[in-house]
Each structure stands twice: as C-alpha cells, then as structure tokens.
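Trainee: Generate coordinates for the entire structure from the input sequences, incorporating the hints supplied.
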Amino acid sequence: MIRVVHLSSGEQVITKLTEVKDRDGDPFCYMFTVPMLLTLIPGETAEDAKINYLPWSPFSSSVEYKVSFDKIISVAEPLDYVLDSYLNIVQPKYPVLDPREFEQYLQNRRNKNV
1 MIRVVHLSSG EQVITKLTEV KDRDGDPFCY MFTVPMLLTL IPGETAEDAK
51 INYLPWSPFS SSVEYKVSFD KIISVAEPLD YVLDSYLNIV QPKYPVLDPR
101 EFEQYLQNRR NKNV
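Here the working numbering is used: the first residue of the sequence shown is 1, the next is one more, and so on.
Just so you know, the hints here were simulated from the structure itself, not pulled from any lab data. Keep in mind it's a predicted model, so treat the numbers as computed, not measured. By construction, the Cβ of each residue, glycine as well, lies at the ideal position given by its N, Cα and C atoms. A hint or two may mislead.
[Claimed, not checked] Computed beta-carbon distance windows for the label pairs:
(1) Ile72 / Glu44: 28 to 38 Å
(2) Arg110 / Ser8: 29 to 39 Å
(3) Glu64 / Pro42: 25 to 35 Å
(4) Ser68 / Thr45: 24 to 34 Å
(5) Pro92 / Ser61: 28 to 38 Å
(6) Arg109 / Arg23: 30 to 40 Å
(7) Leu106 / Tyr53: 13 to 23 Å
[To be verified] 25 Å max Cα-Cα, derived DMTMM-like pairs, lysine to aspartate or glutamate:
(8) Lys93 / Glu64
(9) Lys71 / Glu11
(10) Lys93 / Glu103
Mentor: Here it is as structure tokens:
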C-alpha cells in the first residue's frame, strides 16, 4: 500500500509501506520501499502550489529502509494526484506495485474517471 507517512523529524514521505514482522509474527518496524520526500513549493495562490518529490535518502543506493515505529507520527492515504505523480515517477524504474496491484490501481483510476 502506498501511503504518506509523517515522521517525527517533520518530514512527509510517500512510500510503499509494509510492516516487518519477527519470527513470531509480531510487527517490529515498517519497511519503506522507494520513499520520496514531499515538499510544497508555494505559488502565488493555493492552486499554484506545486509538490516536489525528492529521494528520501539521496546518498544511498538502497530502495528499502526499515524505520522504527517510534519515528512515525501518522500514516495516511495520499491524494489521488499525489499518488498518480509518485507512481509516474517511480513505477517505470522501481516498480513498487506488482503487475496485479498496478492493474488494480489503473482500474480504480478508470472507475473514478467515469
């Protein structure tokens, strides 16, 4: 599931988010897959504002990061246009959605546009 995560550092990150579980099946942290830092670029009006997508850890070659629960303030669904932009950026090079998930995403988008 793609989510916007608010971190205790103040950052807002969009990422594929999964729970990592120990041998007993108890979750102990989150896995961020291809996280992108979201920043807002103000415009002259609210409608002119733009979102900037930056690699969350630009000096790492990793695409997956384990993040402890205590670093997470909140988790939310992204707005449709934020999700669309994120997937347009990452899906071609780093497919965060498998083919079945991506087809379901496309079908949901088609249904919303009908």
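Trainee: Which earlier hints turn out false for this structure, listed by number in ascending order?
Mentor: 4, 5
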